[in-house]
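Here the protein sequences come in this chain order: A and B. Okay, so the first sequence: first residue is 1 according to UniProt numbering, each after it adds one. Okay, so the second sequence: first residue is 1 according to UniProt numbering, each after it adds one.
Think of the hints as simulated: they come from the structure by calculation, not from any bench. Misleading hints may appear alongside valid ones.
[To be verified] Derived DSS-like pairs: lysine-lysine, alpha-carbon spacing no greater than 30 Å straight-line:
| no. | chain 1 | residue 1 | chain 2 | residue 2 |
| --- | --- | --- | --- | --- |
| 1 | A | 221 | A | 234 |
| 2 | B | 421 | B | 178 |
| 3 | B | 172 | B | 80 |
| 4 | B | 357 | B | 421 |
| 5 | A | 143 | B | 265 |
| 6 | B | 336 | B | 536 |
| 7 | B | 398 | B | 536 |
| 8 | B | 520 | B | 421 |
| 9 | B | 578 | B | 598 |
| 10 | B | 262 | B | 594 |
| 11 | A | 130 | B | 262 |
| 12 | B | 579 | B | 594 |
| 13 | A | 143 | B | 357 |
| 14 | B | 80 | B | 169 |
| 15 | A | 130 | B | 265 |
| 16 | B | 579 | A | 143 |
| 17 | A | 224 | A | 130 |
| 18 | A | 234 | A | 224 |
| 19 | A | 143 | B | 262 |
| 20 | B | 576 | B | 265 |
| 21 | A | 143 | B | 629 |
| 22 | B | 520 | B | 598 |
| 23 | B | 536 | B | 629 |
| 24 | B | 80 | B | 398 |
| 25 | A | 143 | B | 80 |
| 26 | B | 598 | A | 143 |
| 27 | B | 178 | B | 579 |
[Stated by the list, open to error] Which chain B residues face chain A? A few, computed with CB under 8 Å, are given here:
| no. | residue |
| --- | --- |
| 28 | 272 |
| 29 | 276 |
| 30 | 278 |
Every residue gets a Cβ at the ideal spot worked out from N, C-alpha and C, and that includes glycine.
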Amino acid sequence: MNRRQPLLRVEQIEKYYGNQGAVTKALDRVSFQVETGEFISVMGASGSGKTTLLNCISTIDSVSAGHIYLEEQDITSIPEDNLAAFRRDHLGFVFQDFNLLDNLTLEENIALPLTLHRLPPHEIDSRVHKIADSLQLGDALGKFPYQVSGGQKQRCAFARAVTGGPNLIMADEPTGSLDSNAARILLEIMSERNRKSNATIIMVTHDPFSASYASRILFLKDGKIFNEIIKGEKSRSVFYHEILDVLSVLGGERPC
Amino acid sequence: MLGTLSVRNAKRQFRDYTLYLVTLICSVSSMYAFNAFIFSDSIKALSELEILPYMITVSTLLIILVLGWIVNYMTNYMLKRRSREFSIYMVSGIPNRSISRLIFRENLIIGAIAYLLSLPAGILLSQLLQAALLGMFAQSYSLNFRLSLRTAVLTLLYFAAIFLFSLLKSRKWVRRIKLYDLLYYDRQNEKHLLAGRASAITVFLLSIISGCLGLTFITVQPLGRGYDYLLGMLLLSLFLFGFFLSIPSFLVAISENRIAWKYTKDHLITFRLFTSKIRSMSIAMAVLSILFTLALTFIGIGISASSLAARSVSSNVFDLMILHNKESRDFSVYEKLIAPAAPIRSSHAYNIYTNSKQDFLAVRGKTVTAVGRPRSFIYEEYQYDTYMAQSDYTILRKILGYEKAELNENSYYIHCVPALKTSFTSYISQNPKITLSGRTLTAGGILTEPFSQSEPYGNGYDYIIIIPDPIAVRLEIRYSLYAAITESPLNSISLQTIIAASHDRLILLDRSTIRSTNGKYGTALVHSTADYLTGKWAQKESLSQMYSFLICLFYLALILEITGAAILATQLLSDKEKKQQQDNILRRLGMSNKQITKQNNRYLTLLFILPILPALVISTSLISITAEKIHYTEFHLPIFTSRLWIYQSLGYSLFLFTLLYGIYYLTARFTYNRR
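One chain only, chain A, in its complex shape:
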């Protein structure tokens, strides 16, 4: 039988911080796989290793042991000089604090990774407008980040992450700085993108509501995978309550 290869394969990765005097084990033999078109959420309490895991997958940080394969390429062995090009060609990022460049308009922020791809200017322009229209950013394109709402900023950051057509979109607490309405809009957009464009998303969050938009959730505790739940055919509401149940066992944050 011809079995399809996973998009991402994380194998026994470990990450240590500190020196000989005080070593902190941030990740402890973590292994999992992500198929193309999956929307995965990584949950866990503060200090559980969520962001470290994301940073290792996104090559921002290096692993102490183990391997990470993206499309069968071992990204832990990519030379330092080639990492930037790897990120540019394969990954898209969304951060809690948006990480937009203040002195670029939203349009230019979205266009920035495309200019790094050295695409022809007219193609950049057409791609930016297309993605901006789909994310309801058309009216705000000419504005600077300080002139728009948090929701618009995060949609812009999402547009920037997906416009280059990355293999994998990494989102680190993308709703952390948004009000509930803006968070819901963004999550719906991410979910739609995942469904319609088959985009693969890994989202780190400690918010169960945000996590309920994912199709699978990995729970981290003390640097290890503690549990994994799959949404399957369940409704989002049912899945949400299932997340809360796992969190209560995990000792994580539970909304009132």
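Place chain B on chain A using the hints.
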């Protein structure tokens, strides 16, 4: 507790603003070095430099104004960047009054350290400057690294005036500030002086018009009587402020929709960083551009004036010339006086002859008028053509080491300044023969090597006709000269000693003091019984005021440039933290470290070049105009036949400016890219 905090804060300030504080130390040490001239006994001994202390005092007062503004600007800037820190003090219950005392104390520590560090550097610089200055006047100087208490006190007074003004102003700011303002200071929107795009484009175009008008007023001078300079400078200042206020919006307006350019290479990020930075420091950029314009202009004028002086001195080929207002006499009495101070290598005494002909004088007159100079004063001694005997000419050429001229007994030759060569060539082609004392001579040629004749009372005045000896001796003797080359230079003290030893029979020739003889003519030989000392060393003496002026110009230029460059570099480096956050974002988006460094370098280069561009345009015009003006007014005939010397002066001044500016640029670049 607050005392310890003041010391720690002062230490941190030194670390964070090293470049600015080092520049402040350099400025104060320069102040010490130049003010040391005022109290230096060696300088006081040089009577021709008596004007220098006054000039330095005026320059220092100008520098105090500039430095006062700069220190105030930087102190204010540093304080506002620490607003969050001050808010923490306030939240901790420290009253405004105590915070202002804390800031006052830490700045006092910084000021005291800067002053103390500047003293040794100042002493070293003052000794080097004095040695160089005295060297220009052929004086030897032994270095003496001792503190001049009077100079130190004077420098302290100047420094205190600069520093206390800004401290008192910042104290006022701290006492009035509210906690809310401090907490949210960095969230306040920048005040944009030009709100709309249309107004920015209008201001930009108006500023360009103002700049062009300013340059036109300065170069064409349609009004005359100095009003043009005043109006020109005013318009150029308006141009600079308008230009820097509007250029970011103007650039954005013309580039925003040019997708093809904007989305190519790294244009987008560099362009946006660049425009947002100049928008946030537009007024400072305008002031920096003014400082750089002045610095470049001062250096350029200094260099062009010294080129003129050097050229003028180089045309004065004999080290010493003694003029006797009658026929040849025995100059050996003077030789004995000169020899102890500067042994004579070679010398010759000879006559300058004249007759009643004015043919060549007329050619000279026409040339002077043709080159646009006002008709020069007619000296009694030069109302007719002047002549030299061929034998004297041959000896003088030999003394000067010139190639031997083959002189024909039936020919005459003209030795003139280069500016007259074309006119004389044209004249002798039409009138190849002259008749003198009944003999006809044919034109043998024109020679133009430097020959001590560009000023009156040398070997003729701009020209002399070389004729065979038998004809010369039949002409009237105008005056006699003793020309000598010495083994070593003669300084002003030696010259004064020689003059004193001659019991006032020998005096320095002052060409500017002219006695009218009969209303039409005049003479600078005002003492009938005296002989006159001229030549290279005597001419150098007369240039001493100009050298004093040049020293002050370089002093001003140095301070203006280093303080301006330090402000620019400090402003850029203070954004380093924010820029590093941006770089992290760019790195995550896939920009390599190499690309980021390249882009940062391009950004820094653009910011360093921008204030220089208008400064270059304006200063080039100012230097050219001033250099030409000096050339025009100080010399009745051009001593340079092309404009190459002006371009050379511009090139040298740009080179010197870039040398110093480059240090700041490279330091900023290195620090900025250090991760």
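Taking the hints in turn, this is what the structure says about them:
1. Between residue 221/A and residue 234/A the alpha-carbon distance is near 25 Å, which keeps this suggested pair within the 30 Å criterion.
2. For the hint linking residue 421/B to residue 178/B, the alpha-carbon distance of about 78 Å lies beyond 30 Å, and the restraint is violated.
3. Straight-line distance between C-alpha atoms of residue 172/B and residue 80/B comes to about 13 Å, which keeps the hinted pair within the 30 Å bound.
4. Among the hinted pairs, residue 357/B with residue 421/B is consistent with the structure: their alpha-carbon atoms are about 20 Å apart, no more than 30 Å.
5. With a C-alpha separation of about 23 Å, the suggested pair residue 143/A and residue 265/B falls inside the 30 Å cut-off, and the hint holds.
6. Under the criterion of a C-alpha separation no larger than 30 Å, the hint pairing residue 336/B with residue 536/B is consistent with the structure, at around 19 Å.
7. The hinted pair formed by residue 398/B and residue 536/B meets the criterion: a straight-line CA distance of about 18 Å does not exceed 30 Å.
8. With a C-alpha separation of about 28 Å, the suggested pairing of residue 520/B with residue 421/B holds against the 30 Å cut-off.
9. Restraint check: the Cα-Cα separation between residue 578/B and residue 598/B comes to about 18 Å, which is no more than 30 Å; the hinted pair holds.
10. Simply put, residue 262/B and residue 594/B have alpha-carbon atoms about 21 Å apart, close enough for the 30 Å limit, and the pair holds.
11. At most 30 Å may separate the alpha-carbon atoms for a hinted pair to count; residue 130/A and residue 262/B meet this at roughly 19 Å.
12. With a C-alpha separation of about 15 Å, the suggested pair residue 579/B and residue 594/B falls inside the 30 Å cut-off, and the hint holds.
13. At roughly 85 Å between alpha-carbon atoms, residue 143/A and residue 357/B are farther apart than 30 Å, so this suggested pair is violated.
14. Taken as a hint, the residue 80/B and residue 169/B pair is honoured in the structure, with Cα atoms around 13 Å apart against an allowance of 30 Å.
15. This hinted pair checks out: residue 130/A and residue 265/B have alpha carbons roughly 22 Å apart, not beyond 30 Å.
16. Between residue 579/B and residue 143/A the CA atoms are separated by roughly 21 Å; this keeps the pair inside 30 Å, and the hint holds.
17. About 40 Å separates the Cα atoms of residue 224/A and residue 130/A, which puts this hinted pair outside 30 Å; it is violated.
18. Distance restraint check for residue 234/A and residue 224/A: the Cα-Cα separation of roughly 26 Å lies within the 30 Å cut-off, and the hinted pair is therefore satisfied.
19. The hinted pair formed by residue 143/A and residue 262/B meets the criterion: a straight-line CA distance of about 17 Å does not exceed 30 Å.
20. Straight-line distance between C-alpha atoms of residue 576/B and residue 265/B comes to about 23 Å, which keeps the hinted pair within the 30 Å bound.
21. For the suggested pair residue 143/A and residue 629/B, the alpha carbons sit about 53 Å apart, so the restraint of at most 30 Å is broken.
22. Between residue 520/B and residue 598/B the CA atoms are separated by roughly 72 Å; this puts the pair beyond 30 Å, and the hint is violated.
23. Restraint check: the Cα-Cα separation between residue 536/B and residue 629/B comes to about 24 Å, which is no more than 30 Å; the hinted pair holds.
24. Only pairs whose Cα atoms come within 30 Å are accepted, and residue 80/B paired with residue 398/B is rejected, the gap being roughly 73 Å.
25. For the hint pairing residue 143/A with residue 80/B, the CA-to-CA distance comes to about 27 Å; that is within 30 Å, so the pair holds.
26. Between residue 598/B and residue 143/A the alpha-carbon distance is near 28 Å, which keeps this suggested pair within the 30 Å criterion.
27. Taking the CA atoms of residue 178/B and residue 579/B, the gap is near 29 Å; set against the 30 Å cutoff, the hint holds.
28. Interface hint at residue 272/B: satisfied, since its Cβ lies 5 Å from the closest Cβ of chain A, which is below the 8 Å cut-off.
29. Among the interface hints, the one on residue 276/B holds; its C-beta lies about 4 Å from the nearest C-beta in chain A, closer than the 8 Å criterion.
30. Because the closest C-beta pair between residue 278/B and chain A is about 11 Å apart, greater than 8 Å, the hint is violated.
In the structure shown, a violation is registered for the earlier hints numbered 2, 13, 17, 21, 22, 24, 30, in ascending order.
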